[in-house]
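Enquirer: Chains as they are written, first to last, in the numbering used here: chain A, 1 to 309; chain B, 1001 to 1250.
Keep in mind the hints are simulated off the structure, nothing from the lab. One thing to keep in mind: the hints can contain errors.
[Stated by the list, open to error] According to the in silico footprint, chain A covers these stretches of chain B (three or more CB under 8 angstroms from chain A):
(1) 1047-1061
(2) 1064-1075
(3) 1084-1096
(4) 1103-1110
(5) 1140-1147
(6) 1191-1204
(7) 1216-1224
[As the list claims (entries may be wrong)] Listed next, the in silico BS3-like pairs over lysine-lysine satisfying Cα-Cα at most 30 angstroms (straight line):
(8) A:273 - B:1231
(9) B:1032 - B:1193
(10) B:1231 - A:219
(11) B:1032 - A:211
(12) A:211 - B:1193
(13) B:1243 - A:273
[Unchecked claim] A few chain A positions that, by computed beta-carbon distances, are all more than 12 angstroms from chain B:
(14) 12
(15) 53
(16) 56
(17) 97
(18) 103
(19) 163
(20) 168
(21) 202
(22) 205
(23) 207
(24) 214
(25) 303
Just so it is clear, CB atoms sit at the ideal spot from N, CA and C, and this is done for glycine as well.
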Amino acid sequence: MSILVVAEHDQQQVKVPTRVAVAAAQAIGGDINLLVAGEGCQAAAEAGAQIPGVSKVLIADAAQYGHALAEEMAALVVSVASGYTHIIAATTTSSKNYMPRVAAMLDVAQISDIISVQSADTFQRPIYAGNAIATVQSADAVKVLTVRGTAFDPVAAEGGSAAIEAVGAADSVNLSEWLREDVVELERPELTAASIIISGGRGMQNGDNFKLLESVADKLGAAIGASRAAVDAGFVPNDMQVGQTGKIVAPDLYIAVGISGAIQHLAGMKDSKVIVAINKDEDAPIFQVADYGLVADLFKAVPEFDAML
Amino acid sequence: MKVLVTVKRVVDYNVNIRVLNDHSGVDLNNVKMSVNPFDEIAIEEAVRLKEAGKAEEVVVVSVGASNCQEQIRTALALGADRGILVETDVDVQPLAIAKVLKAVIDQEQPQLIITGKQAIDGDNSQTGQMLAALCGYAQATFASEVDLGDGVATVTREIDGGLETISVKLPAIITTDLRLNEPRYASLPNIMKAKKKPIDVTTPDALGVNVTPTVTTLKVEPPAARAAGIKVESVEQLVDKLKNEAKVIS
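Okay, chain A solo, but in the shape it has when bound (with noise of 0.2 angstroms):
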């Protein structure tokens, strides 16, 4: 088997899920190589030569890598993908976005979000929003995967030391252009990187409540999100929303504050190792996968939750 894994990285560092990708390709078994595409990113390169189990590390810097564009990225990866008998990223906005391009490319189905590896061609995956899982078995010769960031833990980001080699920029496709980027400046965790979060829904009423629970979290070092409701209703942005079609998560601790409990929310976080609801209805669906539930307003409870840490 010889696999490899295509870095997520911000031109200095690799990011976490990556490194949850190569957890996975050594639940495959064999050679690993990791492919680090961008603009300026020899750091992150050598940053990627420090992850255990990686054996080489293939580095294409040239502008039309800079902001990922999917045409870009897929021409790419098709263009090392040679040799190869696993292609993987973790799953993420941008994996989504180029894999299932390489995948077509190569003529070749993609297996998305995979929890766990059965063997070199059956994993699974979750379906219907987390309410049943699916084992599959390709029979495809190169097998296209993005990996579920919260199904495996992540190896080590350092400890070892490959090789980095230069691959050559494949020709530019030239379909689209990058204009501009509105990223929302963290001062707390990412969500998807976060041990504690902190999620508020319809119940918050209004963004402003929303400074209840930031109280919280600069206590606990925790991330804040929200349900689709709250991101609907225009109380904070969709960066924040975690489920089905927001982000994923399984931190040690979620706190859902006036969060119902909607299935698609719940395929967003019900991995979390501990789960707190806070929520007036006491019939509620969030109170079913709650380990520790407490019907309350949560206007009086969260103030008081605050004052006690």
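On the provided structure of chain A, position chain B as indicated by the hints.
Expert: Only chain B this time, still in chain A's reference frame:
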């Protein structure tokens, strides 16, 4: 310009699905079926382009069994002009669907193709991107805002951490995210009118596409259930449990 929209027949998003006892799949008997919610957003976006005078015709395509005509009719009632059903009883997988759609695009030559970003049954999020690859077109996935210009579209995309804006050359494939628009409801007169709109039926064979799956589902199981938790009586008790029992805060 002509806009092509894809629709998938899926279990309604409000249905709590049940895994079959023999683990062969999910129980689809007597279950309410609907248009995949992201495809409704795709239909809405296309219809709005037509209403704004930017598109002349909206063609809706579905790939699947004959009962997918119901979902095509829904799209027609929402404002699409005509439908195409590529009928097959095979459980078609994303790559095969993309190949079928490519064949339809070769015939129809739309300038813009709008698909949902994922279907809520398989949760694959692949078809639009694969279609773009097969056509050699640009792709703008997870769109929350679309602005059509002359030969290009400017698309704002939902990415981890925020938003990104790109421009893509047309023809292109756009996949819809939740916040692109809020789909309308079909009015009764439009539902009646939709019954008279044409649906062409063809097959993968007629389009020269092999839809045999390469991925086999060996079994489908319910997820591991969470052990039932407890209700605490007070915030004080909650903090105590988190500190001393779960040991997740200090």
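Enquirer: Could you run down the list of hints and mark each one as holding or not?
Expert: Outcome of the hint check:
1. 1047-1061: violated (count 0)
2. 1064-1075: violated (count 0)
3. 1084-1096: Held - the stretch 1084-1096 of chain B has 3 residues with a Cβ nearer than 8 angstroms to chain A, which meets the minimum of three.
4. 1103-1110: With 0 residues in contact (Cβ-Cβ under 8 angstroms with chain A), the coverage given for the stretch 1103-1110 of chain B is violated.
5. 1140-1147: Coverage by chain A holds here, the residue count being 4 at a Cβ distance below 8 angstroms.
6. 1191-1204: Since three or more residues must qualify, the claim that chain A covers the stretch 1191-1204 of chain B is violated, with 0 doing so at under 8 angstroms.
7. 1216-1224: With 8 residues closer than 8 angstroms to chain A, the stretch 1216-1224 of chain B meets the three-residue bar; holds.
8. A:273 - B:1231: The given pair, whose Cα atoms are some 17 angstroms apart, holds under the 30 angstroms limit.
9. B:1032 - B:1193: The hint holds at about 23 angstroms.
10. B:1231 - A:219: 24 angstroms, holds
11. B:1032 - A:211: Status violated; Cα separation ~40 angstroms.
12. A:211 - B:1193: 50 angstroms, violated
13. B:1243 - A:273: With Cα atoms ~14 angstroms apart, residue 1243 of chain B and residue 273 of chain A stay inside 30 angstroms; holds.
14. 12: Fine: 15 angstroms to the nearest Cβ keeps residue 12 of chain A off the interface.
15. 53: 24 angstroms, holds
16. 56: Holds, since 27 angstroms exceeds 12 angstroms.
17. 97: About 5 angstroms separates residue 97 of chain A from the closest Cβ of chain B, which leaves it inside 12 angstroms; violated.
18. 103: 7 angstroms, violated
19. 163: 30 angstroms, holds
20. 168: Fine: 21 angstroms to the nearest Cβ keeps residue 168 of chain A off the interface.
21. 202: Consistent with the label, residue 202 of chain A stays out of reach of chain B, its closest Cβ about 15 angstroms off (over 12 angstroms).
22. 205: Non-interface label on residue 205 of chain A holds, nearest chain B Cβ at 20 angstroms vs cutoff 12 angstroms.
23. 207: With a cut-off of 12 angstroms, residue 207 of chain A remains clear of chain B, as the shortest Cβ separation is near 16 angstroms.
24. 214: Residue 214 of chain A clear of chain B: closest Cβ-Cβ about 17 angstroms, beyond 12 angstroms.
25. 303: 9 angstroms, violated
The earlier numbered hints that this structure contradicts are 1, 2, 4, 6, 11, 12, 17, 18, 25.
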